[in-house]
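Fit chain B to the given chain A structure using the hints.
There are 2 protein chains.
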Amino acid sequence: MVEKIIELLEKENFKELKLLLSEANEADIAECLDELDKNKQAVVFRLLKKDEAADIFARMDPDTQENLIETLSDNEIASIVSKMYIDDAVDLIDELPANLVTRVLNNSSETKRKAINEMLKYPEDSAGSIMTTEYSSLEEDTTVEEAFNRIRKRGLTKETIYTIYITDKARYLVGVVSAKDLLLAEPQTKMSEIMEENVISVNTNEDKEEVAKMFDKYDFLAIPVVDSETRLVGIVTIDDAIDVMSEENEEDFEKMAAMAPSEEDYMKESVFSQYRNRIVWLLVLMLSSIVTGKIITSYENAFAAVPILVSFIPMIMDTGGNCGSQASTMVIRALATDEVETRDVLKVWWKEIRIAMLVGGTLAIVNGVRIFLQYHDLSLAIVIGITLFFTAMLAKSLGCLLPILAKSLKLDPAYMASPMITTMVDACSLVIFFNIALLLMNI
Amino acid sequence: MVEKIIELLEKENFKELKLLLSEANEADIAECLDELDKNKQAVVFRLLKKDEAADIFARMDPDTQENLIETLSDNEIASIVSKMYIDDAVDLIDELPANLVTRVLNNSSETKRKAINEMLKYPEDSAGSIMTTEYSSLEEDTTVEEAFNRIRKRGLTKETIYTIYITDKARYLVGVVSAKDLLLAEPQTKMSEIMEENVISVNTNEDKEEVAKMFDKYDFLAIPVVDSETRLVGIVTIDDAIDVMSEENEEDFEKMAAMAPSEEDYMKESVFSQYRNRIVWLLVLMLSSIVTGKIITSYENAFAAVPILVSFIPMIMDTGGNCGSQASTMVIRALATDEVETRDVLKVWWKEIRIAMLVGGTLAIVNGVRIFLQYHDLSLAIVIGITLFFTAMLAKSLGCLLPILAKSLKLDPAYMASPMITTMVDACSLVIFFNIALLLMNI
Numbered sequence: 001m002v003e004k005i006i007e008l009l010e011k012e013n014f015k016e017l018k019l020l021l022s023e024a025n026e027a028d029i030a031e032c033l034d035e036l037d038k039n040k041q042a043v044v045f046r047l048l049k050k051d052e053a054a055d056i057f058a059r060m061d062p063d064t065q066e067n068l069i070e071t072l073s074d075n076e077i078a079s080i081v082s083k084m085y086i087d088d089a090v091d092l093i094d095e096l097p098a099n100l101v102t103r104v105l106n107n108s109s110e111t112k113r114k115a116i117n118e119m120l121k122y123p124e125d126s127a128g129s130i131m132t133t134e135y136s137s138l139e140e141d142t143t144v145e146e147a148f149n150r151i152r153k154r155g156l157t158k159e160t161i162y163t164i165y166i167t168d169k170a171r172y173l174v175g176v177v178s179a180k181d182l183l184l185a186e187p188q189t190k191m192s193e194i195m196e197e198n199v200i201s202v203n204t205n206e207d208k209e210e211v212a213k214m215f216d217k218y219d220f221l222a223i224p225v226v227d228s229e230t231r232l233v234g235i236v237t238i239d240d241a242i243d244v245m246s247e248e249n250e251e252d253f254e255k256m257a258a259m260a261p262s263e264e265d266y267m268k269e270s271v272f273s274q275y276r277n278r279i280v281w282l283l284v285l286m287l288s289s290i291v292t293g294k295i296i297t298s299y300e301n302a303f304a305a306v307p308i309l310v311s312f313i314p315m316i317m318d319t320g321g322n323c324g325s326q327a328s329t330m331v332i333r334a335l336a337t338d339e340v341e342t343r344d345v346l347k348v349w350w351k352e353i354r355i356a357m358l359v360g361g362t363l364a365i366v367n368g369v370r371i372f373l374q375y376h377d378l379s380l381a382i383v384i385g386i387t388l389f390f391t392a393m394l395a396k397s398l399g400c401l402l403p404i405l406a407k408s409l410k411l412d413p414a415y416m417a418s419p420m421i422t423t424m425v426d427a428c429s430l431v432i433f434f435n436i437a438l439l440l441m442n443i
Numbered sequence: 444m445v446e447k448i449i450e451l452l453e454k455e456n457f458k459e460l461k462l463l464l465s466e467a468n469e470a471d472i473a474e475c476l477d478e479l480d481k482n483k484q485a486v487v488f489r490l491l492k493k494d495e496a497a498d499i500f501a502r503m504d505p506d507t508q509e510n511l512i513e514t515l516s517d518n519e520i521a522s523i524v525s526k527m528y529i530d531d532a533v534d535l536i537d538e539l540p541a542n543l544v545t546r547v548l549n550n551s552s553e554t555k556r557k558a559i560n561e562m563l564k565y566p567e568d569s570a571g572s573i574m575t576t577e578y579s580s581l582e583e584d585t586t587v588e589e590a591f592n593r594i595r596k597r598g599l600t601k602e603t604i605y606t607i608y609i610t611d612k613a614r615y616l617v618g619v620v621s622a623k624d625l626l627l628a629e630p631q632t633k634m635s636e637i638m639e640e641n642v643i644s645v646n647t648n649e650d651k652e653e654v655a656k657m658f659d660k661y662d663f664l665a666i667p668v669v670d671s672e673t674r675l676v677g678i679v680t681i682d683d684a685i686d687v688m689s690e691e692n693e694e695d696f697e698k699m700a701a702m703a704p705s706e707e708d709y710m711k712e713s714v715f716s717q718y719r720n721r722i723v724w725l726l727v728l729m730l731s732s733i734v735t736g737k738i739i740t741s742y743e744n745a746f747a748a749v750p751i752l753v754s755f756i757p758m759i760m761d762t763g764g765n766c767g768s769q770a771s772t773m774v775i776r777a778l779a780t781d782e783v784e785t786r787d788v789l790k791v792w793w794k795e796i797r798i799a800m801l802v803g804g805t806l807a808i809v810n811g812v813r814i815f816l817q818y819h820d821l822s823l824a825i826v827i828g829i830t831l832f833f834t835a836m837l838a839k840s841l842g843c844l845l846p847i848l849a850k851s852l853k854l855d856p857a858y859m860a861s862p863m864i865t866t867m868v869d870a871c872s873l874v875i876f877f878n879i880a881l882l883l884m885n886i
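Chains as they are written, first to last, in my numbering: chain A, 1 to 443; chain B, 444 to 886.
Just chain A, with the same shape it has in the complex (with noise of 0.2 Å):
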């Protein structure tokens, strides 16, 4: 679709460009805008329909929107605030540089200015800082015609009709309706008749990744949000629970692989910040090679002796490390959608200490065999045997507890993934391998 659009701008043809814009789904439009260059973005951006820039703009990528907030005049721009949502004009001006900013918040109403500096207001991971102030809701003793009246009077702006909650005159939340329960019922029943009571909620300070999980299990399409008194404020919407969701994810897969986690995208983030976020866990996991290090010059004498010795080093460090993260990730991924809890540690200790020992078992015998094979060398097939199977045990065993140990620690449990363990497992399969070849070989 880019190519069209690019095409049609170069021939002038803003007719059938309209046209085109005017077909297209606004998640498409909104892609295609951040792949053309500044210039084009302005022109093309003032194609599209009036009632459909709002929703295409909050869908941009930040730096799109940030050069459109250039380029627009000021009455553009507050068109295009107006018809924003207050959480996706927050998640504008969380994004925008300070100058910027300003100028958005002068063209913006007096109310909807507020409502964005209330929502500024939330820490940065909590519920509130996800959810609008936009739903809709009603008080107990509505029918269900008053309902569908003011629900068509004000529905349009509000991001999402499909629940409705059910306040007291003190704007308590006491219970909600779907819309289809608003649909099946007769025009003169009361909200209270058809609402359901035990409202799941969470407050304005939960963990939005609590928020995220609670969706997953309970199908929801939104969660309310409430204050510390449980007056209703605002709700979280299914959308913005799978975009927590997804970068929750890509944190943890970057935290696995000792990295600073970071909120841009890889094409989009520079080489030097990218710099940045790896080389920090490189200086810290290269301090414990140093240990590394220092344990086999203090075993000189031994592979002295026996040179052969040297060239399984890296055959039982790579075990290890395997062994380890496989052990590590799940027990990182199971702790992360709570199916196992740090109270749990014995079992999943017991677990992996069975797993290793058929693993390494395994691999003992499959590498005792190979190397007799290879080198007919008896001693040197059960010293490699025998270090590969307590490397294994010793792996698995730090692999599931040590994140378990983290979570305790209140730490994050990611950060104990395939590469802090590798590193760890290796000074101590190294300690294994040099002692069981000074003690059965006769070094």
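If you're looking for bench data, these hints aren't it; they were derived computationally from the structure. Each residue gets a CB set at the ideal place from its N, CA and C atoms; glycine is no exception. One or more of the hints may lead you astray.
[Stated by the list, open to error] Here are the in silico distance ranges between beta carbons for each label pair:
id : chain 1 : residue 1 : chain 2 : residue 2 : range
1  : A       : D207      : B       : I808      : 37 to 45 Å
2  : B       : R556      : A       : S109      : 55 to 63 Å
3  : B       : R546      : A       : V280      : 57 to 65 Å
4  : B       : K711      : A       : S73       : 55 to 63 Å
5  : B       : A613      : A       : E263      : 46 to 54 Å
6  : B       : E495      : A       : D227      : 25 to 33 Å
7  : B       : N560      : A       : E16       : 46 to 54 Å
8  : A       : K410      : B       : R719      : 34 to 42 Å
9  : B       : E513      : A       : D377      : 51 to 59 Å
Relative to the frame of chain A, chain B by itself:
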């Protein structure tokens, strides 16, 4: 809540237990049932409200479902199955052992059985396999008033009434109307006047992962599924899309830690099955360690002359592995989210080369200085510094190129993660290390 249920069960206070169950959320009850003993499960299940039982049943773990199917009478099974949505019934059938499948199908109505069998024909990872055939569809010339009447009559048995699909006489999909549009329109308006005509739909054979991505992009609540002749055959709802997203993520985590992906939860999967998922890759990766071992042996002279060289093997291997897994994780994720395509290979490589120069440079300087201060040996410091620099370059290059290569060969890039990269980088970095040492240290 489980404790409370067990307490009430032991006191045989069924009245209060019934009250507790009637007030709780379905998802919470399902979770509690999963935690109870087999015989308690049936007791509690029989106390549930009839109209909630099927929904709760659909949310339980496969094990619990199996236990209950074994215990319940034919009549009870028939009652549950008749109230279950088709897609949930298909999921149930998928998980049950053959003898229980027959029992469930024998207790289903003729139409339900036919619908289930129809659904089971779709390929495992296709849109068809996760869709439901229960949706609201209306014809073009239906008026808003008629629409409301029809929904009131049939609405309760439809999984979602929030989006209504508009078809022509031949069941071709021609438009969609949201419940919102319906609520806001005048009673005599025809569907053809308010429907959105540019409907985004998917084919039954579309990969379910691609379908899930569309939910993220377009913020839909449901996507219509059409057959090869674009006739409407079902819809995929957002709750199923979220399940697909989390499943795919879990699988990626597993693949990236060198494990065969598994659909079972960590705590529920048997030790032997976990062993099987883990051992294959460990053995494959071990093969390549043999190569690395061979390489070391061929440089025996080098470390016989300068034994201290051996003590740097772990640091060089670990740093190479960590550098590589950072790059591969970023690229694998970017490929998974379609942010990077195979044709971007040169752009990505150039980016990683620049990051590698910064990272490698920093590591080289920090370590060079550290080694010089510790050993007062300038040539050793230079050898390690240069080796680290080139190892970083090599690791980042392999880390970004191999996942893209895998993708262009139609293999899953996730397998080119940390363990695979680490093992490959090891061999190459040791060749670099010993050659630079031989060159600069006059061995």
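Hint-by-hint comparison with the structure:
1. A:D207 - B:I808: 37 to 45 Å: holds, 40 Å
2. B:R556 - A:S109: 55 to 63 Å: Cβ of R556 of chain B to Cβ of S109 of chain A: about 59 Å, so the range 55 to 63 Å holds.
3. B:R546 - A:V280: 57 to 65 Å: Holds: the Cβ-Cβ distance is about 58 Å, inside 57 to 65 Å.
4. B:K711 - A:S73: 55 to 63 Å: holds, 60 Å
5. B:A613 - A:E263: 46 to 54 Å: At roughly 48 Å between Cβ atoms, E263 of chain A and A613 of chain B fall inside 46 to 54 Å, so the hint holds.
6. B:E495 - A:D227: 25 to 33 Å: Distance hint for E495 of chain B, D227 of chain A holds at roughly 31 Å.
7. B:N560 - A:E16: 46 to 54 Å: 48 Å Cβ-Cβ, so the 46 to 54 Å window holds.
8. A:K410 - B:R719: 34 to 42 Å: The hint (34 to 42 Å, Cβ to Cβ) holds, given that K410 of chain A and R719 of chain B are roughly 35 Å apart.
9. B:E513 - A:D377: 51 to 59 Å: holds, 56 Å
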